[in-house]
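S.K.: Got two chains here, each in a separate frame; can you build the complex from them with the hints?
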Amino acid sequence: MRQAEKVDLGSDDWTMEIRPYASAFHFPIKELWEYRDLLFLFVRRDFKTMYKQTILGPAWILLSPLLTTGMFSLIFGRIAGISTDGTPAFLFYMAGNILWNYFSSCLSAASSTFIGNAGLFGKVYFPRIVVPASSAVSKLITFGAQFLLFLILLFCSLGSGQVRITWLCLMTPVLLVMLALLAIGTGMILASLTAKYRDLQVLVGFGIQLWMYASPIVYPLSQIPGKWRILLSLNPVAYIVECFRYGWLGSGIVSIPNLMIGLGIILLILFVGTVMFNKTQRNFMDTV
Amino acid sequence: MPVLRKGKEMEEKEVVIRIRHLSKEYRLGVIGRGTLQRDLQSWWARKRGKPDPNQRIGRREYTSKECFYALEDVSFDVHRGERIGVIGANGAGKSTLFKLLARVTAPTEGAIGVKGRISSMLEVGTGFHGELTGRENIYLNGAILGMKRQEIDACIDQIIAFSECEEFIDTPVKRYSSGMYVKLAFAVAAHLNSELLLMDEVLAVGDMHFQKKCLNKMTQLSNDEQKTILYVSHNMETIRTLCNRCIVLEKGHLVFDGEPEEAIAKYLGDVVQMKLHYTYEADANDRRTTGKMQFTSLDIKNSNQVTAKEGIGFSVAFRVQEAIADLHLRCTIHSTDGQAVGTSVSEGIGAFAKNTSASVGIHFDTTSLTKGEYVAELAAVEPMGGGRQWRHAWLEHAFAFEITEDAFGQYSLNRNAKKWGYTVYPDLKIKKCDRM
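Those protein sequence lines, which keep their order, are chains A and B. If you read the first sequence in the numbering used here, its first letter stands for residue 1, the second for the next number, and so on. If you read the second sequence in the numbering used here, its first letter stands for residue 1, the second for the next number, and so on.
With the rest of the complex left out, here is chain B (with noise of 0.2 Å):
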């Protein structure tokens, strides 16, 4: 069930996108061959009164078999000035989400209704050409977002100072660094005119500079000029910083609507429970990996909840697909608002050879952590030389724990974990004391 809940500042302001029961529904693997075929068929069979052989029947099998539902029944208002925040795990739904209010493809089902003027800034450089100079791009981006040429002559000054490019403006963009692309067409977005923009991580590849610049850029137009934001992103510090009301999407489905703090604890919490079995499928595309071997099932020895003191015991199976001559385990340990607290590395554990399984038990040292919720995140890694490694196999949620009591007794209470920090460190050993 969704969880609504809006402030009350919220309410009273004027509802600028409206989605009602929205559903996409996408068809699997039927492009190509048998296309052409299946649709003369069923044209022929309608032509002559008899019913279509390629009907569906009954939604659910079909739906199971060649289609899945990319968004399924999602309605949610947005109001004016509000920046929100859609998060969600791949494929849950949010680029879809931004594809049907972009109109670059129409809804299977329901409806959107939007007041005022809607720009998305899908990718950096939508549109842009090579051979183009820098100030030829920004006419030409602006008018693929829907710009007139007098509202870029307007304000295509201020475009050039955002973008920090004056020096190169009358350069072609294809000899740009891929900073300076990021800069000008986020300058050309910057400034458009419409009410309603739609983000879908686009300050991924800028200098942390200049992420900071378009937050706040993005913020000031929200407040100053009422504009609306939709910012997708899996970056939750910039979710933090920038929205004021998040969504959280899953396998379609609207799951949360809320506080941004909220919203990604709970898309953080949602990822992994805390169990004491978990099995995990093959991804054979994953290409963060090098796919020789898979992770297939971890069993948590004592329990989900242990003091810090007691640490976690577990034992991970996988299955070796190719040969390898070094194998590691890396444990990486996540908060549950996201950020990275620790990683512990392993001991080499051996060779194995090809198409064989094993079983690793291990004992993971808990003294350091503070009192709270955690995720792991597991990844098998061989030494490459030069310090860098191999990362054959990768969970990055692999399991969830609790610390429910940590190392050092008396100051445990007070802890703040969020001012100071989720590691605990020795205790400070005092030298010596000199009363004056």
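Next up, chain A with everything else stripped away, as it sits in the complex (with noise of 0.2 Å):
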């Protein structure tokens, strides 16, 4: 390199200066907070657009989690026989495919960052986090109507003696929390690799939906022998979607050592993909 000593700029008020290498070890907290304003927007944009053009409009939030749980119930339980640990099949399903769908939405759509906005980046700076983190909020909007949904459905079969609200419920949050970062993280990821190699994308759609079958959303985690849970407990998706069961529904297995090592790997992730994601947005236009 020709200068390979730090070019001097001389006074140093500058309020920023831009170097060919900054650190990548550094969480935009700071920048997401200043840029909140274009977060929400962003999240009042996906949604202003998200159905225009639809026949039903907005009552597709509702809808695709009710098809998909019908068609779960009819293939898993009807058909499979697979054990819903003495829970109603629908809800019991209904209770995974809504924290799935919100799970895999915000990792699919992070995944997407710099590809789907690619002409965007090009022409204008902002924090590029805030892109994944308000496709985060804006897919929780989403869980949260279809929540309402379940938690109607919950309320009218809680006559039947099959499902107990536990206090383990007010851990909701937490998991979701726990979810999102997981999705941010993989998807920071996943998005940093596909923007240099494209046919990484085509991966993307295959590893989410293998990554289902991999965590117990259509079948409960005390159908899996032993030996496999133990592999299980690498992914974080599993005891968190066990726990939420277990909370609302009454079924499951709550396990805190494996949350917290569930923990433990959404923060390696986060780290991971923090680091890739920050090499990554400082060069990746000049790749597209």
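Note that these hints are calculated values from the structure, not bench results. Check each hint, because a few of them may be wrong.
Cross-link-like lysine-lysine pairs, in silico, DSS-like; alpha carbons within 25 Å at most [said to hold, decoys possible]:
| # | chain 1 | residue 1 | chain 2 | residue 2 |
| --- | --- | --- | --- | --- |
| 1 | A | Lys-48 | B | Lys-174 |
| 2 | B | Lys-13 | B | Lys-217 |
| 3 | B | Lys-419 | B | Lys-429 |
| 4 | B | Lys-371 | B | Lys-354 |
| 5 | B | Lys-301 | B | Lys-275 |
| 6 | B | Lys-251 | B | Lys-275 |
| 7 | B | Lys-371 | B | Lys-275 |
| 8 | B | Lys-309 | A | Lys-30 |
| 9 | A | Lys-52 | B | Lys-174 |
| 10 | B | Lys-115 | B | Lys-217 |
| 11 | B | Lys-292 | B | Lys-354 |
| 12 | A | Lys-279 | A | Lys-196 |
| 13 | B | Lys-115 | A | Lys-30 |
| 14 | B | Lys-275 | B | Lys-309 |
| 15 | B | Lys-217 | B | Lys-148 |
| 16 | B | Lys-429 | B | Lys-371 |
| 17 | A | Lys-279 | B | Lys-275 |
| 18 | A | Lys-196 | B | Lys-47 |
| 19 | B | Lys-371 | B | Lys-309 |
| 20 | B | Lys-266 | A | Lys-48 |
| 21 | B | Lys-301 | B | Lys-251 |
M.R.: What follows is the structure, given as structure tokens:
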């Protein structure tokens, strides 16, 4: 390099210095806060434009989990006869389904951060993290609506005695934050990789589907033999879903140590994701 | 060598952007096939402590093959309140400079120091969403450009008034005309609270009235609020109107920094040198032509420096790729400050079969040109009917020449081309003179 030493800019009171290399170990919390208005405007934009030119409009938010859940109960419950730990099949699948839906939609939105916004990113700077963060928030609103529907169905079947709500349902916000962080972290890793290697984009969709079957969405964790369960503890989604189900339906395996392991893995992924994301965002426009 | 020239008042002002040894390197043609494999290879070699098989060996060799510098070792300071025009041919590095300043991409070497907030209007309608209304897009666009919600609330009425889109402000912008789009986008950018504004040919689409309004607004922002503006354009007229300092880039280097008029003359003068023999490289990707033929070379037969009466004799050689039925040559003369002076079209040269070459000798009558330097643009055209024509080949800057003496003897010494124009009409004919 010609200028191996740091180029001198004279006085030090610059508001901003632009240099070839910047620390990759930088968590953009401050920038995210500064651009919170943009974040919420992105969320509003997502909502206003999501169901434009559709017949049923926002009703799809509630229709699509109902349809998927119905399909799951038919195929996995009725035809394959997979146990639901004694809880009503529809509620069992719906609990897993809306959680997974939140996670996977956050993840796929985050993983296309660079490619999907190349046009915008090529013109103007704002902290790139605003994009995955805003989709995590807007999907949370979708989840909220679906969750309300779930609660209504849940209260309808409380009388049957097949379900009971436990104090662990208070954990729901924590579980959602964990899922969001995991989705953003993984999404950042994938976004950085797909920015460079486009063929990985195809794998992302496939990978998300595989991940669903590696998580107790269409089956309860209790159905999994012990030695495989250890493997599943490496998948933070598994115990999050189980804890959620235990909280609201009263069945499932709650394991605090496993949740802690999950949290550790989430933080590790988030860290790796941030580093990769920081490195990619500086120069990715050159490779698009 | 860069020519550095600054007025006295400029030096006293505060430096708001300092650019030092700024370079940006792009890799060519390595995206896609082989990248993942190569990256893994390098990574594996490093793992085993062996030298990277893909490492750069000797910068120069590597540069000529796969890398090029879009900007190389550029240094300059920008002072508060300046309106700097950045000019240069396509590929000179103007947009790269702006992308680095806008933090869209990071420099390869060097550093930039910035005081205050920097906002870019690199393209009109950045981040506009067709389904949202004009008002919603103002908020979204403002936020993307770094404004806070309260800041936009404070000036939303001004923005709407400036945009001239009051009637349609609650209509989705997908129903807007392209002109309204531009107006809305510019209105947002003009009301940004940033101290530094980057503008890349944003005025290109608006109508004349709005362009003028924009330029006035920019000048006013820089005078009254001491905002600093960097402006890229190929339109020399807007550079003249807006800028009080001008930078010329050429192949990634800063070649001039100073008065706009001098910069424009330098840029246009450098575009083509006075030579007797010119060769041209084919540009297969030029979308402004049909690509059916290409000019290859041009020879001036008499001289580059002629009196208006002599005229220019030249022969131009070209290669025809696809058959042309009726070829004409069109020659447009530009003054060195970029104004078109006049055009002359040849009679039909005839038909040309495909894959042939030819050389045509031409005499250009310069009788009507005043003293001065000129640049000729040359195009090969074919009438299409209805007054329109195909353009088969085009040289924006074919050759340069100088008229040393104009055809109308006695007034020529006093001629002032800027005021009187570059063309000389035949003498006024006095029909009669009645003395009272």
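S.K.: Now tell me if each hint is right for this structure.
M.R.: Each hint, compared with the structure:
1. Taken as a hint, the Lys-48 of chain A and Lys-174 of chain B pair is honoured in the structure, with Cα atoms around 14 Å apart against an allowance of 25 Å.
2. For the hint pairing Lys-13 of chain B with Lys-217 of chain B, the CA-to-CA distance comes to about 22 Å; that is within 25 Å, so the pair holds.
3. This hinted pair checks out: Lys-419 of chain B and Lys-429 of chain B have alpha carbons roughly 22 Å apart, not beyond 25 Å.
4. A distance of roughly 41 Å separates the Cα atoms of Lys-371 of chain B and Lys-354 of chain B; the hinted pair therefore is violated under the 25 Å criterion.
5. For the hint linking Lys-301 of chain B to Lys-275 of chain B, the alpha-carbon distance of about 11 Å falls within 25 Å, and the restraint holds.
6. Restraint check for Lys-251 of chain B and Lys-275 of chain B: satisfied, since their Cα atoms lie roughly 21 Å apart, inside the 25 Å limit.
7. Annotation: proposed proximity of Lys-371 of chain B to Lys-275 of chain B holds, straight-line Cα distance about 19 Å (limit 25 Å).
8. Between Lys-309 of chain B and Lys-30 of chain A the alpha-carbon distance is near 72 Å, which puts this suggested pair outside the 25 Å criterion.
9. Distance check on the hinted pair: Lys-52 of chain A and Lys-174 of chain B sit about 13 Å apart at the alpha-carbon level, within 25 Å; holds.
10. Proposed proximity of Lys-115 of chain B and Lys-217 of chain B is supported: the alpha carbons are some 22 Å apart, at most 25 Å.
11. A hinted pair counts as satisfied when its Cα atoms are at most 25 Å apart, and Lys-292 of chain B with Lys-354 of chain B qualifies at roughly 9 Å.
12. Restraint check: the Cα-Cα separation between Lys-279 of chain A and Lys-196 of chain A comes to about 12 Å, which is no more than 25 Å; the hinted pair holds.
13. Proposed proximity of Lys-115 of chain B and Lys-30 of chain A is supported: the alpha carbons are some 19 Å apart, at most 25 Å.
14. About 20 Å separates the Cα atoms of Lys-275 of chain B and Lys-309 of chain B, which keeps this hinted pair within 25 Å; it holds.
15. Distance check on the hinted pair: Lys-217 of chain B and Lys-148 of chain B sit about 22 Å apart at the alpha-carbon level, within 25 Å; holds.
16. At most 25 Å may separate the alpha-carbon atoms for a hinted pair to count; Lys-429 of chain B and Lys-371 of chain B meet this at roughly 23 Å.
17. Proximity of Lys-279 of chain A to Lys-275 of chain B is assessed by CA-CA distance (about 49 Å); at most 25 Å being required, the pair is judged violated.
18. Straight-line distance between C-alpha atoms of Lys-196 of chain A and Lys-47 of chain B comes to about 21 Å, which keeps the hinted pair within the 25 Å bound.
19. Taken as a hint, the Lys-371 of chain B and Lys-309 of chain B pair is honoured in the structure, with Cα atoms around 11 Å apart against an allowance of 25 Å.
20. Between Lys-266 of chain B and Lys-48 of chain A, the direct Cα distance comes to roughly 51 Å. Violation of the 25 Å bound is thereby established for this hinted pair.
21. Of the pairs offered as hints, the one joining Lys-301 of chain B and Lys-251 of chain B is violated, with about 31 Å between alpha carbons and a cut-off of 25 Å exceeded.
Going down the numbered hints, you'll see the structure goes against 4, 8, 17, 20 and 21, while the others check out.
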